[in-house]
Structure formats: C-alpha cells, structure tokens
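Chemist: So the sequences go chain by chain: C and F. If you count by my numbering, then the first sequence holds residues 1 to 173, one letter each, in order. If you count by my numbering, then the second sequence holds residues 1 to 173, one letter each, in order.
One thing to keep in mind: the hints can contain errors.
If chains are identical, the list can't say which one is meant, so a pair holds when it fits in one copy or spans any two.
When the alpha-carbon atoms are kept at most 30 angstroms apart in a straight line, the in silico DSSO-like pairs for lysine-lysine are as follows [as the list claims (entries may be wrong)]:
# : residue 1 : residue 2
1 : K44       : K131
2 : K162      : K44
3 : K160      : K44
4 : K22       : K131
Hints listed in this document are in silico derivations from the structure and should not be mistaken for laboratory results. Here the structure is a predicted model, which is why all the values come from computation and not from measurement.
2 protein chains.
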Amino acid sequence: MQKSAIDNIMTRVSVRHFTGEKISDEQLEQLLRCAMAAPSAMNKQPWEFLVVSDEDMLMRLDEEFPYSRCGNGAAVAIIPCGNLQRAISTMPDFWVNDLSAATENILLAAHAMGLGAVWTGVHPNPERAQKLQELLGLPAHIVPLCIVPVGIPAEQPEIKDKWDADRIHYNAF
Amino acid sequence: MQKSAIDNIMTRVSVRHFTGEKISDEQLEQLLRCAMAAPSAMNKQPWEFLVVSDEDMLMRLDEEFPYSRCGNGAAVAIIPCGNLQRAISTMPDFWVNDLSAATENILLAAHAMGLGAVWTGVHPNPERAQKLQELLGLPAHIVPLCIVPVGIPAEQPEIKDKWDADRIHYNAF
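So that you can see chain C by itself, here it is in the shape it has in the complex:
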C-alpha cells in the first residue's frame, strides 16, 4: 500500500481537457470524502463544497473564468469554500490552509480514481472571489478558494519533475 500512495502523489498531473462523460455519484462522493478527511487548524473543518453539474452554470463559469476550463468537457466543477462562521475566531485566515489541504486531497483522489482535475485559483484574488460569490449566490461569509473541474481525462499530460535539492535547507537558511 505504502508505495502506491506515494506513486499517486508523484504522478498526479493537472488535467484541463475532458471527454464530456459524466462521473458517477459514488465517484463524486469519494472525492468529497477525501476532501473532508483533510486536517484543519484546531479541527474546525471550516469548509463547504459547491458541486456544479448544471450545464448552463458550467458554461457560465467557463465564460466568466476562462482559465477554469469548466467548458472543456468537465463532468462537474467542485468549488471548495471557506465558511468564515466556522473558522477560528481569533485567526480566521487559517481557513485558506485547511481548504488548500482539502483541495489537494480532491486532486489526489481524482488521480487515484483515473479521473482528471485541475486547481484553478480564485482566493486570494478579491475580484475573482467576489465575481464567483455573485455568480453562485454565495453569502459574504462563504469564500470560494478555487474552481476544480473534474471529468474523464481527454489528455495525458506529461508528469513534471519539479525536484530541486537546492530548495532544501538543513537547520538554517
């Protein structure tokens, strides 16, 4: 088991083109179960997950956020959001760390299941976040972190080797 979980981390790629086929309810639930298995500061679990499967809304997302690739045959778009009312009151911004861990879990789970996905950034760009809140009718305390289109891959991107030993520093910078 150990080796394959690491292989999955090392071979994950960003997939931006999909076949247009749907994914099953079970696959979607598995992705979201993995998202909610993420750690969170003080175990606050300050998250909500929007799942966009409506074709018209996927096209609207694609128009308003062209880099989100929601019009490239994605089955759904998952939008991980921070719920500021569930965040740590004295340190609310830790929700970004928590939701980022949850998003990475979605990407890894999708890859493990033979699905494709890509993290397309929203927060901390305030214009993007506000536009997406308006489009989806989100209240002010629900802040979208990113848009993650998910679908059946229609491309096999090359795995990037990003290893750079110079980025490691022992006991001092």
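Chain C is fixed; fit chain F onto it per the hints.
Modeler: Chain F alone, transformed into the frame defined by chain C:
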C-alpha cells in the same frame, strides 16, 4: 493502486508523540520529493523547505512553539516556507495555497511510509511567523507556513470520521 492511495488519504491521522528514533535520509528525501510534486499557481513552485534535525534547535522550537510538539521525540521538523521572490508578482499571496498543498503531500507521504507527522500552524499568524523567522534566521521574503514534526509514531490516534453530507451544496448554496 487506486484504492490504496485513497485509503491512505482516508486513514491519515495527526501524530504528536514519537519514539525519538531517527528516520533515514531516503525517507526524508521521499517526503520532500512528494512536497515538491504539489501543484502551484502558474507552476511558480514558490517554496523552500527547512529541515531541522539539530537536537538543540528542535528543543528551541519546542520551547518557543510548544504546540509544535518538536520535543516529543520527533526525528526532524520540516518547515515549508513561501519564497516571496518566487511568488506570482501580481498575486503573491497564492503561495499560501501552494505551500499548503505541499504540506498535505508531506503528511500523506509520511502516513504512507509508516511515519507520523502533524501540521502545526504558523502563517497567517504574524507573531508566530516573525518569531520563527528570527529563530531560524530567515530573511523577510522567506515566510514559514507551518512546523511539521516527523518521526516514528509512539501513538496510534483514532481515525476521525469528519464526513458531513450537509457541507455539500449542489449548484447553489
């Protein structure tokens, strides 16, 4: 392979007590390879990783950041940092998302390898970040995200079931 990567995500736990035994150089490198396999906004890879193995420094970390558990027998502490000089110039704060994904990869890889680890938060708490920068002699553009003690587990925490279907919203909040 698919199933075991997901099992690894679903069974990861936060480990805060370690045996004091060392981990191998190969294990440490594997953790850091997984960290650098994370996605990053515009593929900027805006990261640096401090590895603290010096016993005196681990004790200093434990004194200054008691919640970091670096004095509980950890073999090393990995401190993922954002390098603001490598960040997106127009949207520098995306480094937090990138480094959080890298940190989640470290936690998952540690779990897959039978090691224990826990994410203990630093940024965006400015006092914690500044104190850690001073302790480690980090320049202002190197911002520590968190402290991750890693070691041989001396406890087997129960897996938390954090699934909550009410956190999922279809097409609208």
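Chemist: What are the numbers of the hints that this structure violates, sorted from low to high?
Modeler: none
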